[in-house]
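All chains, full assembly: derive it from the sequences and hints.
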Amino acid sequence: GAVVSQHPSRVICKSGTSVKIECRSLDFQATTMFWYRQFPKQSLMLMATSNEGSKATYEQGVEKDKFLINHASLTLSTLTVTSAHPEDSSFYICSAPVGSDTQYFGPGTRLTVL
Amino acid sequence: AQSVSQHNHHVILSEAASLELGCNYSYGGTVNLFWYVQYPGQHLQLLLKYFSGDPLVKGIKGFEAEFIKSKFSFNLRKPSVQWSDTAEYFCAVNAQRGRRALTFGSGTRLQVQP
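As they're listed, the protein sequences go chains A and B.
Position 109 (the first sequence) corresponds to 109 in the working numbering; numbering is contiguous.
Position 104 (the second sequence) corresponds to 104 in the working numbering; numbering is contiguous.
Misleading hints may appear alongside valid ones.
[What the hints assert, rightly or not] Distance condition first, Cα-Cα at most 25 Å in a straight line; then the derived SDA-like pairs of lysine to any residue:
| hint | chain 1 | residue 1 | chain 2 | residue 2 |
| --- | --- | --- | --- | --- |
| 1 | A | K41 | B | E88 |
| 2 | B | K49 | A | K64 |
| 3 | A | K66 | A | T102 |
| 4 | B | K61 | A | T102 |
| 5 | B | K61 | A | P107 |
| 6 | A | K41 | B | D85 |
| 7 | A | K20 | A | V62 |
| 8 | A | K41 | B | V112 |
| 9 | A | K64 | A | D27 |
| 10 | B | K61 | B | S14 |
| 11 | B | K49 | B | A1 |
| 12 | A | K41 | B | T86 |
[Said to hold, decoys possible] Stretches of chain B that chain A covers, calculated by requiring three or more beta carbons in the stretch to come under 8 Å of a beta carbon on chain A:
| hint | region |
| --- | --- |
| 13 | 31-44 |
| 14 | 100-107 |
These aren't lab readings, by the way, just hints derived from the structure by calculation.
Since the structure is predicted, the reported quantities are computational estimates derived from the model, not experimental observations.
C-beta atoms are modelled at their ideal positions from N, C-alpha and C, and glycine is treated no differently.
Pasting the structure below:
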């Protein structure tokens with residue numbers, strides 16, 4: 001089946017630094033990718049929709065200047081958490097739809113901000 | 001807006017017991033329904049999905065779910081659980097027409113005791 005990868009799988013950074021997370025579709029092209037955030041013992045919440053060749057669309061309450069999304073190619077979307085703070089510590093997961101109704105999820109990136 | 005409710009947050013069963021996890025959704029239009037599983041340390045995997053047709057859908061690993069439109073429900077069932085079914089289970093929906101991003105329920109942690 002379709003595979004989506006994320007890099008890195010874990011990252012620990014100091015408060016105030018920026019962290020870039022990559023999401024790649026390995027054997028298919030994805031004009032759209034989704035970024036979700038999962039806090040401990042909670043569900044996945046959609047943060048934004050990444051669109052190849054155009055600006056990302058953000059969900060209400062998600063700061064677009066803090067969570068920068070770039071969909072550079074048909075197989076790569078990046079999420080940059082700028083000036084990270086401890087409250088940004090979370091599990092970030094991307095997904096890419098295949099066809100009209102199926103999505104494949106990446107393995108996630110655990111971000112810890114000290 | 002769509003919403004998904006999973007009322008069982010933590011379920012503990014013995015091996016061979018039967019399982020039913022509740023899922024109710026709220027949405028004014030036609031939806032696609034999904035159940036995903038997240039094994040410890042692994043990424044989300046699709047268990048089964050319902051788009052249309054027979055409301056009883058069968059998925060992988062012996063799981064099935066029944067869509068009851070009048071109750072806005074899509075409960076997950078398995079007649080006999082195994083220790084390897086220990087995982088987090090998420091119900092999710094998206095609109096049949098419109099964006100493909102998923103709205104997730106809060107998840108149910110299933111613990112199967114040997």
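Against the structure, the hints:
Restraint check for K41/A and E88/B: satisfied, since their Cα atoms lie roughly 10 Å apart, inside the 25 Å limit. For the suggested pair K49/B and K64/A, the alpha carbons sit about 32 Å apart, so the restraint of at most 25 Å is broken. Between K66/A and T102/A, the direct Cα distance comes to roughly 29 Å. Violation of the 25 Å bound is thereby established for this hinted pair. Distance hint between K61/B and T102/A is fulfilled; the C-alpha atoms sit about 19 Å from each other, no more than 25 Å.
With a C-alpha separation of about 20 Å, the suggested pairing of K61/B with P107/A holds against the 25 Å cut-off. Between K41/A and D85/B, the direct Cα distance comes to roughly 18 Å. Compliance with the 25 Å bound is thereby established for this hinted pair. With a C-alpha separation of about 17 Å, the suggested pair K20/A and V62/A falls inside the 25 Å cut-off, and the hint holds. Note on K41/A and V112/B: the hinted pairing holds, with a Cα-Cα distance of about 18 Å set against a maximum of 25 Å.
Of the supplied pair hints, the one linking K64/A and D27/A is violated, its CA atoms being roughly 29 Å apart against a limit of 25 Å. Between K61/B and S14/B the alpha-carbon distance is near 17 Å, which keeps this suggested pair within the 25 Å criterion. Annotation: proposed proximity of K49/B to A1/B holds, straight-line Cα distance about 20 Å (limit 25 Å). Taking the CA atoms of K41/A and T86/B, the gap is near 15 Å; set against the 25 Å cutoff, the hint holds.
Counting residues of the region 31-44 of chain B whose CB falls under 8 Å from any CB of chain A gives 5; the rule of at least 3 is met. Look at the region 100-107 of chain B against chain A: 8 of its residues bring a Cβ nearer than 8 Å to a Cβ of that chain, three or more, so the hint holds.
Hint violations for this structure: numbers 2, 3 and 9, all remaining hints satisfied.
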